[in-house]
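Novice: I would like the entire structure built from these sequences, with the hints used as guidance.
In order, the protein sequences belong to chains U and P. Following my numbering, the numbering of the first sequence begins with 2 at its first residue and continues without gaps. Following my numbering, the numbering of the second sequence begins with 4 at its first residue and continues without gaps.
Rather than coming from a laboratory, the hints here were simulated on the basis of the structure. All the pointers check out, no bait thrown in.
Once the Cα atoms are required to be at most 25 Å apart in a straight line, the calculated SDA-like pairs of lysine to any residue come out as:
(1) K76/P x R172/U
(2) K76/P x W62/P
(3) K76/P x L170/U
(4) K148/P x L118/P
(5) K76/P x E35/U
(6) K117/P x T149/P
(7) K148/P x L33/U
(8) K133/U x N31/P
In silico negatives: residues of chain P with every beta carbon more than 10 Å from chain U:
(9) R57
(10) F59
(11) R167
(12) E171
Positions of the beta carbon are idealized from the N, C-alpha and C atoms, including for glycine.
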Amino acid sequence: MTSRPDLPASALSRREHDELSALLNTLADGGLTEAEECRLREILDRGEPARRVFREFAALHTVLHWDYATLLAPQRPLASRSDEHGSDWWPPIRRAAAFLAAAAMAGAATVAAWLLIANPAGQAAKGGPLAKVTQARFLLPADGEQPLAIGQTLEAGRISLVGGAVEFLLRNGVVVVFEGPGELDLSGELSATLHDGNVVVRMPEGMQGFVVRTPTTDVLDLGTEFAVSVGAGNTTDVQVYDGAVITSASRRQEPTRVPRRLVAGEAARFRAEPKAEPVPMAFRPERFVRELPPDVGIPLGRPSATEEMRHYGPARQASIAVHPAPADMIIDGRLDEWGNAAGFSGTRDGTASCVERADGRMMYDEKCLYIAARVGDPLPLRNIIDPEIDAGWGWRGGGVQVRVSTDRQMGWPARGNSFSYFAQRGIAPSPEQEESARNPKLAHLTMWFHAPTKTPCLTIANGALFGELRVNPAGFAGAFVPDADGKGYTMEYAIPWSLLGCDDDPPQSGDVLAAVWQVIWADATGRMRREQMVEIRNPDEPLAINVWERAATWGRAEYR
Amino acid sequence: MPASDDFVALLTKHQRRLHAYIFSLVWNPADADDILQETNLVLLKKVAEFDSTRDFLPWALAIAKFQTLAGLKRRKRLRFVFDESLAALLADDAAREDPVLEARRLALATCLQKLPPAQRELLVRRYEPQAVVGEMAAALGLTLKTLSDRLRRMRQCLLDCITRTLAEEALP
Numbered sequence: 002m003t004s005r006p007d008l009p010a011s012a013l014s015r016r017e018h019d020e021l022s023a024l025l026n027t028l029a030d031g032g033l034t035e036a037e038e039c040r041l042r043e044i045l046d047r048g049e050p051a052r053r054v055f056r057e058f059a060a061l062h063t064v065l066h067w068d069y070a071t072l073l074a075p076q077r078p079l080a081s082r083s084d085e086h087g088s089d090w091w092p093p094i095r096r097a098a099a100f101l102a103a104a105a106m107a108g109a110a111t112v113a114a115w116l117l118i119a120n121p122a123g124q125a126a127k128g129g130p131l132a133k134v135t136q137a138r139f140l141l142p143a144d145g146e147q148p149l150a151i152g153q154t155l156e157a158g159r160i161s162l163v164g165g166a167v168e169f170l171l172r173n174g175v176v177v178v179f180e181g182p183g184e185l186d187l188s189g190e191l192s193a194t195l196h197d198g199n200v201v202v203r204m205p206e207g208m209q210g211f212v213v214r215t216p217t218t219d220v221l222d223l224g225t226e227f228a229v230s231v232g233a234g235n236t237t238d239v240q241v242y243d244g245a246v247i248t249s250a251s252r253r254q255e256p257t258r259v260p261r262r263l264v265a266g267e268a269a270r271f272r273a274e275p276k277a278e279p280v281p282m283a284f285r286p287e288r289f290v291r292e293l294p295p296d297v298g299i300p301l302g303r304p305s306a307t308e309e310m311r312h313y314g315p316a317r318q319a320s321i322a323v324h325p326a327p328a329d330m331i332i333d334g335r336l337d338e339w340g341n342a343a344g345f346s347g348t349r350d351g352t353a354s355c356v357e358r359a360d361g362r363m364m365y366d367e368k369c370l371y372i373a374a375r376v377g378d379p380l381p382l383r384n385i386i387d388p389e390i391d392a393g394w395g396w397r398g399g400g401v402q403v404r405v406s407t408d409r410q411m412g413w414p415a416r417g418n419s420f421s422y423f424a425q426r427g428i429a430p431s432p433e434q435e436e437s438a439r440n441p442k443l444a445h446l447t448m449w450f451h452a453p454t455k456t457p458c459l460t461i462a463n464g465a466l467f468g469e470l471r472v473n474p475a476g477f478a479g480a481f482v483p484d485a486d487g488k489g490y491t492m493e494y495a496i497p498w499s500l501l502g503c504d505d506d507p508p509q510s511g512d513v514l515a516a517v518w519q520v521i522w523a524d525a526t527g528r529m530r531r532e533q534m535v536e537i538r539n540p541d542e543p544l545a546i547n548v549w550e551r552a553a554t555w556g557r558a559e560y561r
Numbered sequence: 004m005p006a007s008d009d010f011v012a013l014l015t016k017h018q019r020r021l022h023a024y025i026f027s028l029v030w031n032p033a034d035a036d037d038i039l040q041e042t043n044l045v046l047l048k049k050v051a052e053f054d055s056t057r058d059f060l061p062w063a064l065a066i067a068k069f070q071t072l073a074g075l076k077r078r079k080r081l082r083f084v085f086d087e088s089l090a091a092l093l094a095d096d097a098a099r100e101d102p103v104l105e106a107r108r109l110a111l112a113t114c115l116q117k118l119p120p121a122q123r124e125l126l127v128r129r130y131e132p133q134a135v136v137g138e139m140a141a142a143l144g145l146t147l148k149t150l151s152d153r154l155r156r157m158r159q160c161l162l163d164c165i166t167r168t169l170a171e172e173a174l175p
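Specialist: Structural data, given as structure tokens:
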């Protein structure tokens, strides 16, 4: 079995023994340096006496770990963890011999369950962080704990929640949904310890063998989706949604309970008393949070229908076609080249009689994005907001805002929230979310006609931050033409892809990217916003979120 | 090929030894748990390869050694304290010494009961699941070195007690 010849055995000197002992203690308690590891190997290489010291020390250390509950668990609560768990689950100290006898009786059935376990080849763990937060809802971290953010990676450790739920994807594909209040130790790719709260484990297809440990019960997965709850008095409830599990007494408890197999549609309660038999329970599928919804936006407050209309302008259309433009595009506000390039059509309040209406269209070619609209406006083209002074407020005096994503890698829906979105909701953005907020391929276009100078204006803000605003950048073309009856106007713009940060990879036919429209009507002075309508919006996002603060609210721009 | 009852019984009986062996190579409770679990799966898959006329433990320890090495490589973040040949030697020792180590384990139960309450409580804290020595030192208001020295002395005390107990039991 070994190719290493033993050096001549010789007794260890006192000094060598002490050095070896010190090294082993450091190894056991963490912190052995590489140099010390080398020294340890050197001493162990010296022969059997050194290895005997090692074996005896290792045996002591491992037994104290393995048999903690039987040999060491306190009979009175400890200041730290016993307070968390209650003291009733700790068994009385028993002779090790009694423990062995009981283990021999109870263990066989547990091991029999392993016969069904087979992790297929190819499911081996990969490197990288143990887990990643994939979804979170209504999270309330425990005092002193950092809030978890979507995209955040985690290593093994404890997660404490006062409320809410979080979903983790482990690096081997296992999905864990933890619902607070409670405490969960993510121990490794195949195990977690639930001290309190609810957890649902969902295994990838073909994978088995995950264990959820509770103070009283070990739940071994046999290829399944199952839920475990630890409640008052460390009662453990197990419910199986799919496949089967084997439940057995916690290894750290006296294992007198016979392992049980639970299959899909079954549930049982395991009381803390070591010899208590499990009690069958009604299977209630809705009892546990099994999946968290995707990262939909969080509305602020509960606006009334009127407020919703004024602030968010309920969109009626979720997509707009972006048509190929003809070769002879002339930006003159006449829309002669637009032919049958249909876009969207709607009125501010949804009624046919409403005079505030807009027909919006989009086209593209290899150089530009084209935007055009016929806008019904009883007070047209009066905007006095000066682009040289108040460029950031150009929308106030009436005009059109179109927000687009040209990020072909991201596709639809777009990602990117403004910092105000996070701040107002008390959420700390993850580094990934901060990066999304700075995405230069998210562009906010504000187009208005500056009445005093009769100038078509354009501002472009990138990302979700409204950081640097480009005002009337070189390269764009715009035109406004008033309606003959004075009740509206037509606008037409050509915006080069270079101004939208994507001239190296502009949208192509077949792409589905993100876009949203806002048409704004102002008062007679041309300086105050009066009404607005929002069109082309993602219907999966709550209405009461401003489209400027969350790119996921933008609808589909389908490039034909 | 399904495992026989005898095989299951052997596997059950030797769980502690397998865990102890894995633990003595990785020195991390959570990793040892995971690798033991993986080892059990492999042992059950390889049941057909087991020659029932031979000892179970050396065969199982050899597989545990392989699984430990593989597990450590996969996890990357861990170092393997011992090289492969030394690990193999330790596995041989562990298989050979099994009865002796069982006796020492039983003696430990007696020795633990002789510990003064303060020392016992320190040991309880140290071996509490998920205990971290650094955090424990901070909670007790001790320096890491002071705590480490105390733990070292206490373990030596227990090791000496075990040796004495076994010697006394061996007396006619």
